[in-house]
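Chemist: Just so you know, the sequences run in chain order V and A. Heads up: the first sequence runs through residues 1 to 330, numbered per my numbering. Heads up: the second sequence runs through residues 1 to 290, numbered per my numbering.
Hints in this document: simulated from the structure, not taken from any laboratory. The model shown is predicted, which means the values in this text are computed figures rather than measured ones. Note that the Cβ used here is the ideal one computed from N, Cα and C, for glycine as well. Hints may contain errors.
[What the hints assert, rightly or not] A few chain V residues facing chain A, derived, Cβ under 8 Å:
id, residue
1, Ala117
2, Ala122
3, Trp179
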Amino acid sequence: MRTPTLRTGWAILVFALVLLPLPLLIKSEFWLTWVTLALFYAYLGQAWNLLGGYGGQFSFGHALFFGTGAYCTAVLQIHFGINAWAGFVLAAVAAGIVGAATGWLVFRYGLRGSYFALVTLAFAEVFRILANTFAFTGAGVGLLVPLQPGAWQMQFESKAGFFWLLLILVVACLLFTWWLQNARFGARLMAVRENEDAARALGVDPFNTKLLAIIASGAIAGSAGAVYVQLFLYIDPGIAYGPSMSVEALLVPIIGGLGTVFGPVLGAFALHTIAEIGRLVFGEAPGLNLVLYGVLLVLMVLFLPNGLFGLGRFGFGLRRRLQRKGGANA
Amino acid sequence: MLEFSILLPAILNGLTIGAIYALIALGLTLIYGVLHIINFAHGSLLMLALYGVFFLHSLFGIDPYLALPVAAAALFGIGYGLQRFIIGRASHGKDENILLVTLGLSVIIENLALYLWRSDTRTIETPYSFEVLDFGVAFIPVPKAVAFVGALLVAALLWLLMTRTDLGRAIRALAKERQGAKLVGINAEHIFAMSFGIGCACLGIAACLLLPSFYVSPQVGHAFVLVAFTVVVLGGMGSFVGALLGGLIIGVTESLGGLFLGESLGQLGIFLIFIIVLLFRPTGLLGQKA
């Protein structure tokens with residue numbers, strides 16, 4: 001294995017320790033919200049990275065899972081009075097089931113590449129139309145989650161609560177992907193990504209491997225939806241199943257670095273820094289932040305297909321090569 | 001039982017919109033057939049063309065049908081440039097990258113339109129907007145009839161181009177055997193860009209045929225892009241006759257679905273066809289085995 005494994009573990013520890021006391025240090029509500037949102041998108045990106053980065057299955061409709069999780073917890077809370085934390089778990093389960101159903105249908109018929117992207121997009125669109133139609137999802141008006149402040153309902157008094165919740169989730173995901181990189185399942189998943197036929201020839205079952213990946217990815221994205229609902233207390237079909245969430249979910253790991261442990265985190269912070277600068281320069285105008293995202297996506301693929309981490313790895317490899325050269329000379 | 005007099009107009013109406021779907025899908029299938037990529041920006045480019053035709057009409061009073069050569073040429077140029085200078089350079093040997101770039105382009109175009117022209121729905125009025133043709137059993141608005149005939153004509157022209165000209169032969173050669181085509185001296189970069197350009201020119205023509213009986217808004221691409229994908233998938237990726245047939249089938253399905261289930265749920269019929277075909281017959285009705 002090429003990756004220096006222990007170093008990643010230390011990096012995760014340092015990341016967690018540095019961010020942990022942040023809410024005590026940052027007094028400005030604006031910046032705390034900003035960091036919290038960056039963590040939220042990092043979490044969503046981590047979900048996508050699992051399937052897209054490690055599994056090589058590019059989903060263009062991850063909003064499908066996000067929205068399912070969001071609606072699941074909102075509907076349970078509003079119509080059945082179910083606790084938000086229970087809703088959080090059920091949202092992950094529901095999105096995991098949607099992931100299983102989608103994956104079972106899609107992978108069974110061997111749809112790959114652009115077909116997979118298309119089907120996920122179409123599924124998200126179907127769900128958007130359905131959410132737009134039925135009364136229990138609030139149709140086009142959306143759902144307002146009643147305000148019930150308190151950690152018991154996952155509606156923390158201050159943003160710090162959300163910050164810590166998301167930090168725990170992001171670190172859990174970091175640990176999970178770290179484990180994945182060294183686990184047999186991860187090796188199988190990456191083998192499928194590199195060459196599905198070769199992987200099958202070596203005894204890997206691509207169907208099961210991809211199915212597990214899409215279930216895990218869906219469940220994580222669904223739990224992100226549950227957190228989103230408590231954070232904003234509102235959900236409608238456009239937010240839940242619209243293209244904007246799907247684009248952010250894939251943009252974050254692509255900017256950071258596909259199939260890397262820290263890629264989504266790096267990408268989320270980079271993306272939101274750029275988005276913030278964009279807002280300062282162009283002002284608050286509908287559509288402009290998404291234009292910026294689109295430009296970023298095109299530029300990244302054109303010039304930095306391995307993401308910001310590719311840049312780092314390039315520098316690192318150069319240094320190592322220079323060192324080796326120096327060693328040979330000595 | 002259902003009245004025949006309700007059913008027949010719905011079917012005729014579906015056929016006219018289906019011909020437009022077919023035209024849009026022809027562009028998509030041409031690009032897919034040669035480049036083996038799905039152009040996610042297809043819907044946004046159509047939207048751009050619709051705005052172009054709209055502004056030609058509202059600012060300069062140019063009739064949409066007269067704007068046809070301009071729109072086709074402009075879209076051809078845009079498509080050629082996009083493929084030559086952006087999409088073609090982004091692959092780095094991986095098809096996924098092209099997918100991402102076209103997605104990025106569609107996000108840019110769509111949201112730029114949203115920023116520039118807001119989300120208002122705009123329509124134009126022409127002297128023939130409200131004229132109808134009487135077919136005895138049903139009335140068909142003139143713009144829709146023109147769109148139907150025009151779309152079929154363009155499809156025929158495209159077929160001639162692909163089968164009778166050197167350019168068509170080069171495109172087909174590249175689609176079949178990339179390496180071999182390059183070896184016999186076909187300039188692959190140029191032909192790829194030509195295919196992309198022609199695919200986009202179809203959108204320019206579709207926009208001119210569509211606008212007199214339709215509307216334009218920044219989100220209008222959405223309505224067409226998944227429909228066009230469905231048509232292409234249903235007909236078979238890369239198949240011309242398939243795209244035509246698929247377009248007509250989808251048009252009628254949508255029209256009947258709207259009649260029975262209402263506008264919003266009627267759209268679901270299209271997506272269901274899309275998903276079912278992808279799952280059970282990904283090669284489509286007339287496509288070749290991948």
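Chemist: Given V:Ala117 as an interface hint, is the shortest Cβ-Cβ distance to chain A below 8 Å?
Modeler: Holds - the Cβ of V:Ala117 comes within 8 Å of chain A, reaching about 6 Å at its closest.
Chemist: Have a go at the V:Ala122 hint: is there a Cβ in chain A nearer than 8 Å to its own Cβ?
Modeler: OK, holds: V:Ala122 within 8 Å of chain A, min 5 Å.
Chemist: Can you verify the interface hint for V:Trp179: is its Cβ closer than 8 Å to any Cβ in chain A?
Modeler: violated (25 Å)
Against the hints set out earlier in the document, a violation occurs for number 3 only.
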